[in-house]
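Novice: Can you join these two chains into the complex? Each is in its own frame, and there are hints to help.
Okay, here's what each chain looks like letter by letter:
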Amino acid sequence: MGKKLMEIRDLKTYFQTKNALIRAVDGIDLDVEEGQIVCIVGESGSGKSVTSLSIMRLLPGPKGRITSGEVRFEGKDLSKLSEKEMDAVRGDRISMIFQEPMTALNPVMKVGKQIEEVLLRHRKVTKSEAKSKAIETLRFVGVPRAEHIVNEYPHQLSGGMRQRVMIAMAMVCEPRLLIADEPTTALDVTIQIQVLELMKKMRDERKTSIILITHDLGVVAEMADHVVVMYAGQVVESTGADAIFEKPMHPYTQALLASIPSLEEDKEVLYSIPGTVPSAGAFPKGCRFADRCSSAQPSCTEEMPELREVLPEHFVRCALVPNGGAA
Amino acid sequence: MSNTASITERERISPPSVAPGKGRIILNVLGGLSVVGKASLSYLVLIYLFVLVAPLFLAHSPTDTDPLSVTLPASGQHWLGTDELGRDELARIVSGGRITLMVGLAAMALAVVLGGLLGSIAGFFGGKTEYVIMRLVDMMLSIPSFFLILIEITSFGNSPPVVIVAVGFTYWPQMARIVHAEVMKWRDSSLVEAETTLGAGPWRILFRHVVPQTYSSIIVLATLGIGWAILAESGLSYLGLGIQPPLASWGNMLQQSQNYIWTAPVLAVYPGVFILLTVLSYSLLGEALRDVLDPKLKR
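As they're listed, the protein sequences go chains A and B. Counting with UniProt numbering, you get residues 1 to 327 for the letters of the first sequence. Counting with UniProt numbering, you get residues 1 to 299 for the letters of the second sequence.
Hint data in this document are derived by calculation from the structure and do not stem from the laboratory.
Where chain B lies over chain A, by a calculated footprint (3+ residues, C-beta under 8 Å): (1) 106-112; (2) 115-126; (3) 162-174.
All C-beta atoms in this analysis are idealised placements derived from N, C-alpha and C, irrespective of residue type, glycine included.
In isolation and in its complexed conformation, chain B is listed as follows (with noise of 0.2 Å):
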């Protein structure tokens, strides 16, 4: 064995190097970032943190009305004007923000885990179970999605943690598809093999070993699918289904700022600019994640 040692000593032609932590590899991933990308998580990064920490700086309510001071045009009292009640615009579209940021990750991580479990739970063990989560998801991609979302709207109501679930269940399928695909991958695999020749059993097999596989995909999914969730919580706040007033949220704003589209325009582009640019980020955000995440679909 005194030979294979030397042998081996040589065999291994990198410099003695120490392999990047979890943290370092999300550093790796962020910097491999195209400019766009890194733009675009600038920008979110930016946003959440605003609507996080604006409102303790902020010296007006998003409720309190003022009727004698209605659409005021910007000034150094109301940096971006009031709106038709004479609600500060700043603070609405903070509060706003708030919650449409904020639904559009909880329905995106209601969608991963369901999805998620889903679609893996199918990829895995094939047989019945795959057939019968997959015609349920086949079933559900098959409807309209928004309008599934109106139907489970008008049946449960329209508080926040109804939309976050109506919304999160509407793009589980589109998850559990992905997950699926890329799980049935592993299936057959040399290392599922490997593992339970070493004792591992079916579910300790799927959730440590094949699970991680399928995570940048989901995270490139995931990215995509919050913009998709925003813009769906805007538009049916915008029907008015959505976030109910008072409560602000963007896409309720907008629809209150129609009725002063020639009077006060600018209400309507506020919250239209953050949804616009907010959906935007998240979706270069998501190509770019997939660019450097999938080493094989290199430009």
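If we strip away everything but chain A, and leave its shape as in the complex, we get (with noise of 0.2 Å):
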């Protein structure tokens, strides 16, 4: 057990529309602990995302707001705290990076001009130490002949390049947490895994934790320390990978396992999901998976399941399965 950098409790992120209110982020419970990576795997609406951009305090206008819970992190409840302190934690002590690396750069100045820039922001540091650290960090991600690309603007870059100049942007100020939202889903495949060799190395060397949200449960594999699956806004499981890839215990888990396409079974058709996920405007009373699970039961529908610890460090929201596991 590590030290926890941050504690996420009851996280409520609404959304206020004209007609509906949209849970969109239900009431999440999240601890990342130093040097930890954390999987948040969902599928499209699940609440992911929201969840990220609710931590990093960069959700939309007077519509979304988080309206209760608290994000502690080094000891401040992030949720409380002013824009101006906002920003003092953005990008120092806490960064994030983004699915699309062609679009976050600033297309009109350079690519060193733009990482000194960050650090100039939150560090006391001259012009030239500036300089000097933008290229050690883009020489860290693996850029090479990084004293040129300092130089250059992003268009003369590739897509690779660019993710990872976004990748030293981020953290440059060697922030406590990294969040990456999908980093790797805009890449090609050969660079989508030195993008996560990267994100090993930032943990292994400068003991990063990363909150890493991914549809991707291949990446999960690969990368993760903990998982946590969420399903409509809710955490629906959460324990530590192995756990998650060797005994899912919450049928939503289960299924999203079995719809993974498998090279040793020769399927004629692919498992899927039957139906969608509830919209956030109009949850279901009982359990929010009980209309597509394979094993729901009629108390199903009727209370929803709290998160229980069914297994040392093992947490599920399913009613069905029994304290000690073994759904």
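Specialist: Printed below as a string of structure tokens:
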């Protein structure tokens, strides 16, 4: 058990639209230990990205806001910080990398300048110190000829290089926590693995904790120390990486794993979970997965199951899983 | 990580290149101008140099009158002849050009700053701020600009600074509208989101990262606008409302020359031709710059 870096307790992020209250994140708990890679898995619309945006306080305008709960990070509740205090945290203590490296860089500024700027903003350093730190960081993220690359513009770089520059910007201040929202989705496979390796390197060499948001279970298997499965704005299962793949307990997790195509089995039709995620404006009363669940009982639609610790360090939100496991 | 480095080495197709510096970029843009654009630019550079440097070498003052030698034709003594008061026409063209060209530049600088500032704030922050600024812009644009200038000049006098402010003040809404639209394109971009996650405040993001994206549009619009401002100043002076004698401007030279249109028609031709060439050059240069700066508009 490492030291806890971040503790999220009962975080609720709701969006108020004209017609409905969208409960995008509905009371999640999440712990991140120092030097740990936590993967958040789930379908589109399960609230993974909104969770990360809530941590970073990047929710769009008056419509979306953190309704309750706390995000405790280094002794501070991020949800209560002022915008100015939050700016000091962003990019320094917590950074984020995105899916789209092509559009997240400033096209008319040299990449070295862009990296230096982040450093100059958060640290008292001279321009030349910032420059050498930028080059050093670019080297760390595996950019060859870093001292030349700093003088280039984003359009002169390939997609993989741009993603590396983005990562360099995110980590030049050596943040304690990196949030990566589907960082590999827009990249081709050879570069995907490089980016993942790089994140592991950050964890190993700089003890950076990482929250990795993905829907790619292959990435989860490769990276995760701890896995959090989200469904319809809630955590449905939360446990160590091995346990998720070896003995998944929540029917949703089992179904997710069953829908991975396998090389060994020769299946005619791939398994898919019937139905879709319920709309966040109109959740059913009971278990939110009940109407898609193959083992659902009538009682499942009656009452919302709690997230229970059925085995040590293994939390499941399903009424059918007995304490001690073995559904 | 050792294998990744070797792959990324191959990832780069282009040979080692050093990115161009600011000066190099400017040269690239100018080099990419069409022939017409280059010709216009050359003319403009020459005319500015001419009005700035020529006074050092001219034998005559633009204000010295000589009742004995009025409306003389061109000669070795007076290269472009003399006007109705015996003043050297060349000296008048030079000093008038100085005023006309500077008024055009200064007015446009004002419009760029004012329009750029308000337009970018409106486009970036949205909401009520945007509403107020853009409705103000709509309001300004709904008033015929020339009448607005007339009103301003008749209320505040017609010294060159007032003319500059009046002309610049008329053009800022157009600038604001373009900048507003350009900035709005970036408002929800991942660039803004990424910079926010890196701890940049909104003002910093706006002026350091978003506004520079609009420079090419601003440059084009400002270039076209200087031509317009010169024309506006000339028009005002022609009506006797702009730059007042004895100060020369191309516009008021044109006005004074009309009394002598039958006896000394060249007095109207000189300022007229210079106004025409200058405004035309600015328009053509603006178009040529747009072709270079906006890759989507490739012919």
